[in-house]
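S.K.: Residue numbers (this note's numbering), protein chains in the order written: chain V, 57 to 393; chain Z, 57 to 393.
In short, the hints are calculated from the structure, not lab data.
Among the clues, some could well be false.
You can't tell identical chains apart in this list, so a pair holds if it fits in one copy or across any two.
Said to hold, decoys possible - List time: in silico DSSO-like cross-link candidates among lysine-lysine, alpha-carbon distance up to 27 Å:
1) Lys376 - Lys183
2) Lys371 - Lys183
3) Lys232 - Lys130
4) Lys113 - Lys377
5) Lys377 - Lys232
6) Lys130 - Lys377
7) Lys155 - Lys335
8) Lys328 - Lys371
9) Lys183 - Lys377
What follows is each chain in one-letter form.
Number of protein chains: 2
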Amino acid sequence: MGNVLVGGDQPVRVQSMTNTDTRDVAATVSQIRRLEELGCEIIRVAVPDSDAAKAIKQIVSQINLPLIADIHFKHTLATEALENGAAAVRINPGNIGGKGKTLEVIAYARELNRSIRVGINAGSLEKDLLAEYGVSAEALVKSALRQTSILEEAGFAQFKVSIKASNVPMTVAAYKMFSEISDAPLHIGITEAGTVRSGAIKSAVGIGALLLSGIGDTIRVSLTAPPEEEASAAWEILRAAGVRRRGVEVISCPTCGRTEIDLIKLAGEVEKACAVINKDITVAVMGCPVNGPGEAREADYGIAGGRGCGILFRKGETVKKVRAPDLLQELIKLIME
Amino acid sequence: MGNVLVGGDQPVRVQSMTNTDTRDVAATVSQIRRLEELGCEIIRVAVPDSDAAKAIKQIVSQINLPLIADIHFKHTLATEALENGAAAVRINPGNIGGKGKTLEVIAYARELNRSIRVGINAGSLEKDLLAEYGVSAEALVKSALRQTSILEEAGFAQFKVSIKASNVPMTVAAYKMFSEISDAPLHIGITEAGTVRSGAIKSAVGIGALLLSGIGDTIRVSLTAPPEEEASAAWEILRAAGVRRRGVEVISCPTCGRTEIDLIKLAGEVEKACAVINKDITVAVMGCPVNGPGEAREADYGIAGGRGCGILFRKGETVKKVRAPDLLQELIKLIME
């Protein structure tokens, strides 16, 4: 997809979607640049009309990320987006208007050496599949297979597939089923996941389970929130699943009746200070000086706070004792050394 | 565990841990009552000394939830906690002081008909296992098996096991491995997960993957945050994994270049209004009047907003058109009918 390889042995890529009006080039470019800084690697924009498709030309000239045009209902918007420089188009077989129109889009993509994402969605399944299977993992997989066979019969291999529902077990089952049958790269996510808090948790359950099963080539955390939240949640999920890392991971013990310092505040401060440190390390913030360093043996650096003072440690070994108010500062100093 | 059955066909139970000083009975009771309101079903308290163990007597007389006393280092705190009315004790084989002391705790638990949680933690593994396996899923499972065999040889069956690390793939692998060998009920969670946002995502990846594999009898989301956050995150994870529901689930589409209303605000308002509605339903908040109701077919009720006005729908069928400012109010009215 443009300058970003997807699938096979490539790293799992972080994707997001703008929520600006695509016709507003300046706003869209500015949001995409912010997302790039947050680690977003592929960006999708809505293309509801021809003006939006035309705006792509100016947008792509000002950004580094490959752009996917999101198309519904009208296949000519897909061809127009490709002509204007979209690295890929996302089409939804449930509403694109049949095989003939899909073949037209394929012809353009082949001619211009671009990619296609087939985006299956539980909310817009073909009517015959709904009648036979209801809204189910089976229906989602049948819909995906029907569409990928059109691409494959046309000899077009540059595509990925997404199979999304807002129901997590159904989504996970569908991806697992499909990946048993097909080798196509998979874009994974939970659709309509919800607001920033509950949506991130819901996405983490679904995307995380798939990543832990080795499924997924690109991910998007769909949130009813600014897309910047999507990018950072995506990286949290990748890191938790042990798939990719970006920046400092802060682990911190839950507070309990043993805690004698304000650990919630301290952990927040450490997280904030570490957000700008560009090292792939783990930092532990523990509330208990007795078993803190031991419990956080897996961490590269850490602090364990007690009453009035705490200790600084590296790889589970105590470095020195530090007064409580200096813990944060001494920790950052140790990391930067 | 007290009046709450755990394991077998019982529902997956939500557990949390107080962060008050256990010796402060009033503060601890008040936190436990708030947690109960948020759906917490089992509560753990830290017992660092004999005064804390003594406080349990007064605490349990004022709460409905079964209480687990969290014990480290000193097995007599476990026996004291049991005598004072703890429904269970959590002991950590890595620091309880050997088999003889575990057997003493078992004797008390059997005599008083109480339960034991064996809490294995990557940070406090036995030295010989660390030497042979390093910090790994194998070491965690060996440690758990060593401990459960002590319980089983003593003919004591009323126990559950936790095997926690802050590394998600290691934790998931250990639980899967252990559950192949043992039928013991499992308490699942990710230890030292982190702050309210990243910790919830990390826990969701680990706990969610296990729940989707059918593993887990009780769960705790360990957060460096007030325990109230743990209870609500736990329910979000249970719901996402399709395991248990509590209250209204709000699904909402991510905003995109097609959205013509302030969906982030509206979804937040709907979520807030629904938080007090005691119905197990799904409510959709969609930004796009064209495919909103279709995409949200799985929802019981919903709204889809457009420019100036939107539609109200029930099970994917349009109920009526509504002016944008009235969407929230009309939705709640429809739900309450």
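S.K.: Going through the earlier hints one by one, which of them does the structure break, listed in rising order?
M.R.: Numbers 3, 4, 5 and 7, in rising order.
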